[in-house]
Amino acid sequence: MLRIYNTLTRRKEKFVPREGKKVGMYVCGPTVYDYPHIGHARTYVAFDIIVRYLRFKDYDVKYVVNITNVDDKIIKRANEAGEEPLKLADRFEKIFFEDMQALGIEKADAYPRVTEHIPEIVALVRKLIENGCAYEIEGDVYYSVEKVGKYGALSRQSLKEMMAGARIEVDERKRYPMDFALWKKAKPGEPSWQSPWGRGRPGWHIECSAMLMKHLGEQFDIHGGAVDLISPHHENEILQSEGATGKKPFVKYWLHTGFLKVEGEKMSKSLGNFITVRELLQKYDSNSFRFLVVSAHYRSPIDFSYGSLEKSKKSLERLLNTAEFVKTFKEGQSNLGNLLKKARKEFEAAMDDDFNTPQALAALFDFSKEVRKLKCGSREVVAQTSDFLKSALNIFGILVREKEIPGEAKRKLTEVAKKFGIRVEGEVIESIVKAREELRKKKDYKTSDEIRAELQKIGILLENEEEKTVWKIISL
RNA sequence: GCCGGGGUGACAGAGCGGUUAUGUGGCGGACUGCAGAUCCGCAUAUGAGGGUUCGACUCCCUCCUCCGGCCCCA
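So that you can map any letter, position 62 of the first sequence is 61 in numbering that gives the first Met the number 0, and since no number is skipped, the others follow by simple counting.
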């Protein structure tokens with residue numbers, strides 16, 4: 000039984016979708032005005048894992064992530080760069096997709112863009128005005144917060160408290176200081192669209208309401224985002240959506256991921272600790288990063304450092320080794336079947352408990368340790384073990400790579416074989432390993448160590464196990 | 001100030017009212033020609049103070065402290 004922590008109620012609840020196995024899920028996507036950073040990566044990896052697990056549990060998930068491609072920051076950045084705002088957005092949207100793919104994030108079912116939903120947004124704003132939830136002043140439209148029965152369903156803050164802490168000067172024309180813009184009147188040179196209130200563009204919050212209504216309906220199951228979006232973004236989404244449709248609750252489960260800090264500090268340009276996804280992936284592969292993400296609960300903050308990333312890489316290595324090791328099992332009787340059953344159960348129980356990935360990971364490590372003590376199992380169970388490790392890691396989006404030597408390394412291998420006068424039959428690597436075995440039998444350790452050193456330069460590590468030598472590719 | 005979430009061993013990071021989390025690293029041992037991998041063992045902990053309890057890291061209160069939100073932000 001899957002249980003999920005709901006920000007709305009501040010407790011774990013049984014997960015029951017509105018309709019059978021169907022799950023509508025929306026996660027606030029990026030504003031595309033710069034390179035994605037590792038904070039984005041954490042959030043989208045976390046939700047990627049949640050979606051994968053839901054699908055693993057046979058839920059029929061429709062996953063929607065929006066793309067905000069018009070907004071103040073985009074316009075500002077474009078003006079600085081002397082670029083068309085929409086072009087700049089387009090450029091960074093492509094980069095966003097590239098980076099997400101590089102992180103092994105599965106495609107969402109839809110990526111609605113704000114610019115492609117202007118009619119829906121206008122219609123929604125109009126409806127809110129008709130409902131008396133919003134009002135227009137000189138081409139701007141504001142949501143009227145004052146009439147709302149209770150504000151702060153998610154953030155648990157009253158309007159008064161919010162205002163007390165507010166650090167901005169308010170627009171005098173607004174009826175109430177906390178009223179927020181649904182439609183912004185166009186300034187010269189800004190991208191704008193025709194509307195009943197003149198040319199303008201959507202406010203930040205309304206786009207989400209409009210797009211998710213279109214793609215997921217007026218009510219749906221899961222809405223996610225990082226914690227910083229709780230207030231005011233998600234708060235306002237609730238007001239707009241429920242204000243327009245009168246249907247409650249607009250969203251059944253609200254999920255929020257914890258923030259990623261870099262060495263104890265919030266990532267920011269001014270601190271100079273801003274790490275982009277590209278930068279990260281130049282130094283480490285996505286598996287290592289995903290392991291780091293998975294080793295903390297999705298709601299907990301992560302304190303990123305290259306040191307902890309290095310540790311993640313090493314830890315993961317252990318699991319990958321076991322996945323490889325089990326393939327060498329001989330046919331025979333063992334306790335493997337029972338261990339597997341237990342591991343499956345523990346893994347799933349951990350994930351069912353609000354996607355507790357650190358605990359799920361612990362189950363895998365426990366399993367790994369037990370498997371290591373065995374040498375055999377029935378062919379069927381061995382295959383299942385291999386599948387289990389693979390699919391469990393796959394839920395985390397960690398790929399168990401096939402052992403394949405890259406083309407360039409293969410060429411170099413042939414050179415090594417030639418250098419040591421090894422006759423190649425079949426796979427080059429196998430021939431080298433075999434030849435080296437012979438050398439070792441003859442106690443020619445000098446030559447065999449040289450061979451090992453040569454291969455290591457190419458990125459292949461030889462390990463002498465009890466009865467045979469195994470080789471593996473040293474990852475990034 | 002107000003709201004939310006934390007403070008666990010060298011580090012990362014979970015669970016649980018009473019029994020080893022787990023991983024990385026360290027130390028000792030086994031295996032090994034060496035390296036690596038692997039196994040066994042050891043050490044280091046629950047921010048402070050109260051309370052509830054037979055018993056609290058786990059529940060309650062106070063304090064200290066950190067992070068986040070209240071303009072923008074994944």
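Quick caveat, the hints were computed from the structure, so don't treat them as lab data. These figures come from a predicted structure and were not determined experimentally. For every residue, glycine included, the Cβ atom is placed at its ideal position computed from N, Cα and C. Possibly wrong hints are sitting among the right ones.
[To be verified] In silico lysine to any residue, SDA-like type, Cα no more than 20 Å apart, as pairs: (1) 265 - 300; (2) 442 - 461; (3) 265 - 218.
[What the hints assert, rightly or not] What follows is a set of in silico ranges between Cβ atoms, one per label pair, in the way DEER data are often shown: (4) 403 - 193: 49 to 57 Å; (5) 317 - 20: 31 to 39 Å; (6) 56 - 217: 23 to 31 Å; (7) 456 - 343: 38 to 46 Å; (8) 390 - 471: 16 to 24 Å; (9) 230 - 271: 24 to 32 Å; (10) 368 - 230: 38 to 46 Å; (11) 330 - 96: 18 to 26 Å; (12) 343 - 193: 22 to 30 Å; (13) 55 - 300: 25 to 33 Å.
Checked hints:
{"no.": "1", "hint": "265 - 300", "result": "holds, 11 Å"}
{"no.": "2", "hint": "442 - 461", "result": "holds, 17 Å"}
{"no.": "3", "hint": "265 - 218", "result": "violated, 34 Å"}
{"no.": "4", "hint": "403 - 193: 49 to 57 Å", "result": "holds, 56 Å"}
{"no.": "5", "hint": "317 - 20: 31 to 39 Å", "result": "holds, 35 Å"}
{"no.": "6", "hint": "56 - 217: 23 to 31 Å", "result": "holds, 25 Å"}
{"no.": "7", "hint": "456 - 343: 38 to 46 Å", "result": "holds, 41 Å"}
{"no.": "8", "hint": "390 - 471: 16 to 24 Å", "result": "holds, 21 Å"}
{"no.": "9", "hint": "230 - 271: 24 to 32 Å", "result": "holds, 28 Å"}
{"no.": "10", "hint": "368 - 230: 38 to 46 Å", "result": "holds, 44 Å"}
{"no.": "11", "hint": "330 - 96: 18 to 26 Å", "result": "violated, 46 Å"}
{"no.": "12", "hint": "343 - 193: 22 to 30 Å", "result": "violated, 58 Å"}
{"no.": "13", "hint": "55 - 300: 25 to 33 Å", "result": "holds, 26 Å"}
In the structure shown, a violation is registered for the earlier hints numbered 3, 11, 12, in ascending order.
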